[in-house]
Amino acid sequence: MSTPVAMQPVAEPATGKSGPRAAHRLTGFMPLIALVALVVALTIADPDFLTQRSLTAVARTAAPLIVLAAGATLIVLCGGIDLSIAALASLSTVLLALWLPDLGGLATPAVIAVAAAIGAVQGVAHVLLRIPSFIVTLGGMSILSAVALVVSGAGTVRVVDDTPVKWLELYVGGYVPMSAAMALLVVALIAAILKATPLQSWVSATGYAESAARLAGTPVDLVKIGAFCVSGACAGFAAVMLVSRQFSGGPTMADNLLLPAVAAIVVGGTAITGGHGSLWRSLAGAFVVTLLRVGLPIVGVPSAYEQILYGVIIVVAVALTLDWSKVSIIK
Amino acid sequence: MTVTTGVAASRRIIRRGAAFRDAGPPVALVVIFAVFAALSPQFRSIDNVQNIVDAAAVLAVVTCGITFVLMMGSIDLSSAGVMGASALTVSLLVANNRNDNDFGLVGILAAIVLGCAFGCLSGLALVLLKVPSFMATLGVSAIGLGVATLLFAGVQPNISDTMLKSWAIERFLGLSYLTWIAAACILVGWLVQRYTRLGRYAFAIGGAEEVLTLSGVKVKPYKVAVFTLAGAFYGLAGVMVTSQLGAGLVQAGNGYDFSAITAAVVGGTLLTGGRGGVLHSAVGVVLVMVLTNGLVQVGVSPYWQGGVEGLIVVAAVAAAVIPQRRRNQVVK
Amino acid sequence: MSVPDQREPTTSAPVPALEVRGLVKHYPGVKALDGVDLVVHQHEVLGLAGENGAGKSTLLKALVGLVTPDAGEIYVRGEAVKLRSVVDAADHGIGMVFQEQSLVPNLTAAENILLGGEGPAVRRGVYRWDVMRRLAQEQLDKIGSKIDPLARTDTLSFADRQMVEIAKVLRIEQRSQHPPVIILDEPTSVLESKEIDTLFAQIRRLREFASVVFVSHRLDEVLDVCDRVSVLRGGQSVGEVATAGAVPRELHRMMIGSTGSDDHYHENAAASVEAEQPRLSVRGLSGKSFRDIDLDVAAGEIVAIVGVHGSGREDVCRALFGIEPTSAGEIRMDGKKVSLPNTRAACAAGIGYVPAERKNEGMVGPMSVAENMTLTKQKARCAGPFVAPRKQAGLVDRWIERLSIRTPGRDTPIQRLSGGNQQKVVLARWLIGDDIRLLLLDHPTRGLDIGARSEVYRLMRELATSGVATVLLADSLEEAIGMADRILVMNDGRVVTEVACPNGDKPTPLDLVKEMV
Amino acid sequence: ACSEAPAGENDPAGAGACKPADVKLVGQVRNESNPYEASWLAGGDAFAKTVGLTQQRLTYGGDSTKQQEQISQLLAGDTKCLVMNVLPNGDSDTAPIVKGADKAGAYLVTQWNKPADLKPADYKTWISHITYNGVESGKQIGDALAKSIGGSGGIIALQGVLDTAAAKDRFAGLQASLKENSGVQLLDQQTANFSRAEALTVTKTLLTKHGDKVKGIWAANDDMALGALEALQQAGKAGKVAVVGIDAVPDAVAAVQSGSMTATVSSDGTWQGGIGLAIGFCVATGKLQVKDIAADNRAFFAEQFLITKDNAASFAQPKTDPADFDCANVFKRVAGPLK
Ligand SMILES: Nc1ncnc2c1ncn2[C@@H]1O[C@H](COP(=O)(O)OP(=O)(O)OP(=O)(O)O)[C@@H](O)[C@H]1O
Ligand SMILES: Nc1ncnc2c1ncn2[C@@H]1O[C@H](COP(=O)(O)OP(=O)(O)OP(=O)(O)O)[C@@H](O)[C@H]1O
Ligand SMILES: O[C@@H]1[C@H](O)[C@H](O)CO[C@H]1O
Ligand SMILES: [Mg+2]
Ligand SMILES: [Mg+2]
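Protein chains in written order, with the working numbering: chain A, 4 to 334; chain B, 2 to 333; chain C, 352 to 868; chain D, 322 to 660.
FYI, nobody ran anything at the bench for these hints, they're computed from the structure.
In this text, all values refer to a predicted model and were calculated from it rather than measured experimentally.
Careful: at least some of the hints might be erroneous.
[Unchecked claim] Here are the simulated DSS-like pairs of lysine-lysine, each with C-alpha atoms no more than 30 angstroms apart in a straight line:
1. B:Lys131 - C:Lys710
2. A:Lys169 - A:Lys329
3. B:Lys166 - D:Lys340
4. C:Lys730 - A:Lys198
5. D:Lys534 - B:Lys166
6. B:Lys166 - D:Lys561
7. C:Lys433 - B:Lys131
8. B:Lys221 - C:Lys433
9. B:Lys166 - A:Lys329
10. A:Lys169 - D:Lys653
11. A:Lys198 - C:Lys710
12. A:Lys198 - C:Lys857
13. C:Lys497 - A:Lys329
14. C:Lys433 - B:Lys219
15. A:Lys169 - D:Lys420
16. D:Lys340 - D:Lys653
17. D:Lys424 - D:Lys608
18. A:Lys169 - D:Lys440
19. A:Lys329 - B:Lys131
20. C:Lys742 - A:Lys329
21. A:Lys329 - C:Lys493
22. C:Lys730 - C:Lys742
23. D:Lys561 - D:Lys420
24. C:Lys710 - B:Lys221
25. C:Lys639 - A:Lys329
26. B:Lys333 - C:Lys433
27. D:Lys558 - B:Lys166
28. A:Lys198 - B:Lys333
29. B:Lys333 - C:Lys639
30. A:Lys198 - B:Lys166
31. C:Lys382 - A:Lys329
32. C:Lys730 - B:Lys219
33. A:Lys329 - B:Lys221
34. D:Lys445 - A:Lys169
35. B:Lys219 - B:Lys333
36. C:Lys710 - B:Lys219
37. C:Lys730 - C:Lys497
38. A:Lys329 - B:Lys333
39. A:Lys169 - D:Lys424
40. C:Lys730 - B:Lys333
All chains should be modelled from the sequences, with the hints used to inform the complete structure.
Here it is as structure tokens:
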């Protein structure tokens, strides 16, 4: 009993179509635009900043942050947050440093697997006990820090023979740091898997409207546990990068990467309330944050002003990158 | 066709559920207190209970502020920076070793006003630039720390203002003045929450912001006002830390951001907004302080303390949510 | 009985309370309003009819300042106005009850009723709870609601909340010195008949001093309570009908632009029920709000469950979908015992569920029609573990066409569709895999226009014929009687009786009501 | 297609090839918001002024990764005549800094933290590592504390950040002191993370736990000692319990002078900030050859001074003596080689 009027989709006025599309495309590129703007600003402040070597260093520096942020982005997309990534990465550096002498090349996969398992355990606790991810992972953060402290004997664990992780310090084609290339690979891989499978819609549905997703038969709990697991694995991999760079593991080594990683996600324009966003955005966000962390002091901004500028720029960057049409209420 | 008894019956069930769910954190508090009291005689001494309450003062004030923000469903990570800036401001305005200022109470008020200004900044970034509060307040925190560092200028300002110093030292009915200030803050917070439009609208914004808009309420000014109010509490907290430490420290607010959120959540305030309140949070604060103190009293190794605390917090929250578990519940 | 457009208000008649001329509103890809004209006279109840997506809600939102029209004029009592916000509209005496519920769940009913216009209940920002209670009680008394004004709104039943909404909008009376215009967008879709009677009494009372605009897809209601009905189609006014002596069929014809039938029962099409093994067999199921439920549904059978609020029928449905925990009993599908600890298990057992609260539970607003439709059945859109975009597109387009879903395209976010079209997408979600065995429909036609409604009925029949078992919580007793092969009556958590409902020997609504209370 | 170094990597600079005006001086500490590190940066500025240059101040907020990031960014710039005086955040942060600087040919002096098996002698441009004997200072103040409580009684200890060498060494020093002062009993030990605020709460708790048994408080740095002083005041025990610390921050020196604190140890932050740059500057400009530097001076304990009421007055004002930074004098404060 279909009606003639209802059958026909309303004709789309040409103007009404191209306008929003172009605008939409622009908001998609906002993180990149913010990144370029920042590079330009830093170059103006100090013309020596824009050299190939300098950019190579930024890429190498950003690698662990990119990987950490990539994993946590999944959780944010599901509507949660992971505050344990940095502590987990610290613990992983300790484990890796302890295991390298015995396990050699196997230490890397072993650490990533353990980190993934720890992530999954937190995911299970979140899902089964119905505790907000903020609290589970905040608790996880203190527990993992304590474990790291005890396991390491409250000190740095030196890596004497770093050959199994040395490959991360190579340069591809002389210009691209291997760690940055690997970080890119991680982002591309996760993004591709999401896109090619139903996972993308499951993750977004969970983030946008968890109860509707559950009632539609989406495996909400599994998706969340999976996100935590991947986030853990990413923390483990970031730890491998840190060890290859530091030649040691330490119980607080990565701790300070937590807020930058969250900042990278948000600066990329991923909605902290869940649903909307992407790993590519976090990639751009991680570069923005890295540039702010290293760029401001290097171009000579004094410490106090550096913090003020950091605060201001990061807020403005988010204002630019967040696509408000996708997020109805901003909390 | 409606049978009123049916409706009433189902409503009663929900009401009972509500009372039950509110009971979780206080019960957890009593249990944890009892366990420590059983394990350690020093823990249950009057002195130590006083000590716990005194130690809770600053956290209670910060948590009071953050509770209003959490009730709206927003988050506030600015306390560390705001407290730092306020601590340096007050220490440079009251009698101190860096300059000849001696503004006393006016200096304290100025620090609180500064806190308001920072809070207002967070609120404006949220409503005007539409930056999520998580990021807006993180940015404001950085700005606060920068301002504090500027004011610090390499030389530690020590305060010699007798009134401000007395807050931490003098006692009334066995509790320090700071504790009474915190109690007053909780009372004010509770009154604001229950009897003012600001408080009720903050609560409502957490419940259903879009409905307020549909009802013709302009929510933006209220959001800014809530952040401003929270900023005032942080400003006061910065002053209190300065009184305790006898000096203005850039790091005065270190760690209070996450501790306050933990305390509020442990007390039963939801991060998604719309539930909880100042009294809930006060219970949470005491619970967290009992835990920190108790672990030292029973002699848990310093290496493990953070971990054990984290574990108990998670367990306490888990226990508190058991009565309200539903299958299709949204937990973010 | 349609009367020609009245562009020029006749000079002799009193100034209309509200007049709209040539209102236009574009949304990306949709012309929601395409030059709508509307006149609301003083002291009249004007009905607004039109299919899902005809533009009714958009028009009404423009009247309360929530939608800014692209072109056209709005006159209030003869004076051209620009309405920028709800407050603006309220100041002009226009207020609205929204189609989707709009109460703050964690506030008291009193606060909701007075929200945004607390008046003397809040002085200098400070609440005076006693005054608030009194003012709210006055509003509640008007509509004869017995609820406690200081009860938290989320502890009230859905219908009570709807009454609170109405009480809230009646506050407009106090706000404007002019006779108010009160807009009710589908207020009855969630009410039961007794509540509807109360509401209609109120509407009639309001007419004494105000004008009312009333929207409902139940055309008999529209004809019952309204003085005049204005019909929208595709964003345009297509005419008016005076209700005296009019019949639903006529109205429907105007709505869809051709002759159709308002016959939304398909009593004669019921499939013959095979009696071998029931598709669904429930024994002794107990949960928080229901006890000892026995229920059999055969393949191809439609079983309706009726009952008043609090009878527990929704929870039974939710238990069968693995959302509500159960404490005892067993569930068998095609003779095999199943355990349903979660929705996944239910889906895997071939069970589908269409929830009543579409906005929160039925759909993921910002996601596209295609994604909402394919969220459940992965096999239908995937090749191996991967989504096959072509396959998905074809599938989705096929169902958009099959259910006449009115959308600019499959990639449009579902939240941009009208309520009825959203519901069709949600329903399609369960059908696309062609493997559904049991469908649990909780108010599946809530908010649907008659066209869409008939289509859902036709679909339910079709599904039944193809062997799907259906449990239906109907929107009205008539619907239950029309659709079901058998009706279970629930009261206070128990099945009190079972009424056979075969073709040709249908019970009357009165028969059922007797058992329900 | 992989290489070990990025394209365009600098060749290590030929030692001593720099004109004084071409030298770039960088001082890097945790932050500018505590008195000790502020005095360090001030010392760096003071030295830079004596050679007509300015110091680039870098701070990393106690964030190990941020420190590494800054260093690698710095080393990606012009490193020919770069001189760095760095406070590594922890032991683990030293190796990458050293290796980076070595690869880029930047002159580097590190202070406080380094793992034992990482030695400047194995590198060309890592000129020296300066640190203080934490075991010694921890013991010195332990002994001073024991003496001031009359050789017997209970004390409590406030540890620093647990995973730092400074915290561990100093605590080891306390334990050595306890061995010699058998009358002194360690009632309890907790970490307060080198923080004044944390020390305040921990001390209050320990005071209620042990009551009047507490006769003295040993703190691994002055910030914590000052926090403990506040706690004593709030507990009404000001002046009744002895307190010792390390760092000689101005407030602590004043407290020692006034008698509210018993002792502290000076490492002379101002000197530390200047000396690292001075050593690097001397080598960069060729006034000093790395090969000429005695092996013992490549990694050494610098002199530290126990400050008690007797000598506090002379430490009240931080002062820099330009003569300390003369290339001939840069190793004058070597108290012994680092083993
Ligand atoms: N007589 C009153 N005086 C002051 N406030 C009132 C009064 N009655 C109700 N309220 C307000 O209405 C709200 C709902 O009251 P009620 O006691 O029913 O809820 P509740 O179960 O306590 O809610 P919650 O669990 O969120 O605290 C309360 O939070 C309170 O602020
Ligand atoms: N916010 C929006 N963005 C884009 N399109 C919209 C929006 N709101 C409504 N529309 C479109 O405008 C048209 C009219 O919708 P409207 O909600 O007014 O219909 P309705 O007559 O109220 O339907 P129903 O009876 O289903 O409630 C629909 O095609 C709908 O998809
Ligand atoms: O306070 C200082 C610094 O924190 C540094 O770690 C060295 O030890 C302490 O004395
Ligand atoms: Mg209550
Ligand atoms: Mg509508």
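Hints, one by one, checked against the model:
1. B:Lys131 - C:Lys710: With a Cα-Cα distance of about 25 angstroms, the restraint between Lys131 of chain B and Lys710 of chain C holds, given a limit of 30 angstroms.
2. A:Lys169 - A:Lys329: The hint is violated at about 43 angstroms.
3. B:Lys166 - D:Lys340: Outside the cut-off at roughly 54 angstroms; violated.
4. C:Lys730 - A:Lys198: It holds: about 16 angstroms lies between the C-alpha atoms, which stays within 30 angstroms.
5. D:Lys534 - B:Lys166: holds (26 angstroms)
6. B:Lys166 - D:Lys561: Within the cut-off at roughly 19 angstroms; holds.
7. C:Lys433 - B:Lys131: holds (27 angstroms)
8. B:Lys221 - C:Lys433: holds (22 angstroms)
9. B:Lys166 - A:Lys329: Violated - the C-alpha atoms of Lys329 of chain A and Lys166 of chain B are around 51 angstroms apart, more than 30 angstroms.
10. A:Lys169 - D:Lys653: violated (40 angstroms)
11. A:Lys198 - C:Lys710: Given that 30 angstroms is the threshold and the Cα spacing comes to 26 angstroms, the pair holds.
12. A:Lys198 - C:Lys857: Measuring from Cα to Cα gives roughly 52 angstroms; hence the hint is violated.
13. C:Lys497 - A:Lys329: Answer violated: Lys497 of chain C to Lys329 of chain A is near 41 angstroms, above 30 angstroms.
14. C:Lys433 - B:Lys219: Given pair Lys433 of chain C, Lys219 of chain B holds - Cα atoms ~18 angstroms apart, limit 30 angstroms.
15. A:Lys169 - D:Lys420: holds (14 angstroms)
16. D:Lys340 - D:Lys653: holds (25 angstroms)
17. D:Lys424 - D:Lys608: OK: Lys424 of chain D and Lys608 of chain D at ~23 angstroms, within 30 angstroms.
18. A:Lys169 - D:Lys440: holds (21 angstroms)
19. A:Lys329 - B:Lys131: Roughly 13 angstroms between the alpha carbons, so the hint for Lys329 of chain A and Lys131 of chain B holds.
20. C:Lys742 - A:Lys329: holds (26 angstroms)
21. A:Lys329 - C:Lys493: Cα-Cα ~41 angstroms, so violated.
22. C:Lys730 - C:Lys742: holds (10 angstroms)
23. D:Lys561 - D:Lys420: Violated. Lys561 of chain D to Lys420 of chain D sits at ~50 angstroms, over the 30 angstroms cutoff.
24. C:Lys710 - B:Lys221: Since the Cα atoms of Lys710 of chain C and Lys221 of chain B sit roughly 25 angstroms apart, the hinted pair holds (cutoff 30 angstroms).
25. C:Lys639 - A:Lys329: violated (38 angstroms)
26. B:Lys333 - C:Lys433: violated (41 angstroms)
27. D:Lys558 - B:Lys166: holds (15 angstroms)
28. A:Lys198 - B:Lys333: It holds: about 23 angstroms lies between the C-alpha atoms, which stays within 30 angstroms.
29. B:Lys333 - C:Lys639: Holds, at about 25 angstroms.
30. A:Lys198 - B:Lys166: Violated - the C-alpha atoms of Lys166 of chain B and Lys198 of chain A are around 61 angstroms apart, more than 30 angstroms.
31. C:Lys382 - A:Lys329: Roughly 21 angstroms separates the two Cα atoms, so the pair holds.
32. C:Lys730 - B:Lys219: violated (47 angstroms)
33. A:Lys329 - B:Lys221: Judged against 30 angstroms, a Cα distance of about 20 angstroms means the pair holds.
34. D:Lys445 - A:Lys169: Roughly 22 angstroms separates the two Cα atoms, so the pair holds.
35. B:Lys219 - B:Lys333: holds (27 angstroms)
36. C:Lys710 - B:Lys219: The hint holds at about 24 angstroms.
37. C:Lys730 - C:Lys497: violated (51 angstroms)
38. A:Lys329 - B:Lys333: holds (19 angstroms)
39. A:Lys169 - D:Lys424: Status holds; Cα separation ~16 angstroms.
40. C:Lys730 - B:Lys333: With a Cα-Cα distance of about 29 angstroms, the restraint between Lys730 of chain C and Lys333 of chain B holds, given a limit of 30 angstroms.
When held up to the earlier numbered hints, the structure conflicts with 2, 3, 9, 10, 12, 13, 21, 23, 25, 26, 30, 32 and 37 and fits the remainder.
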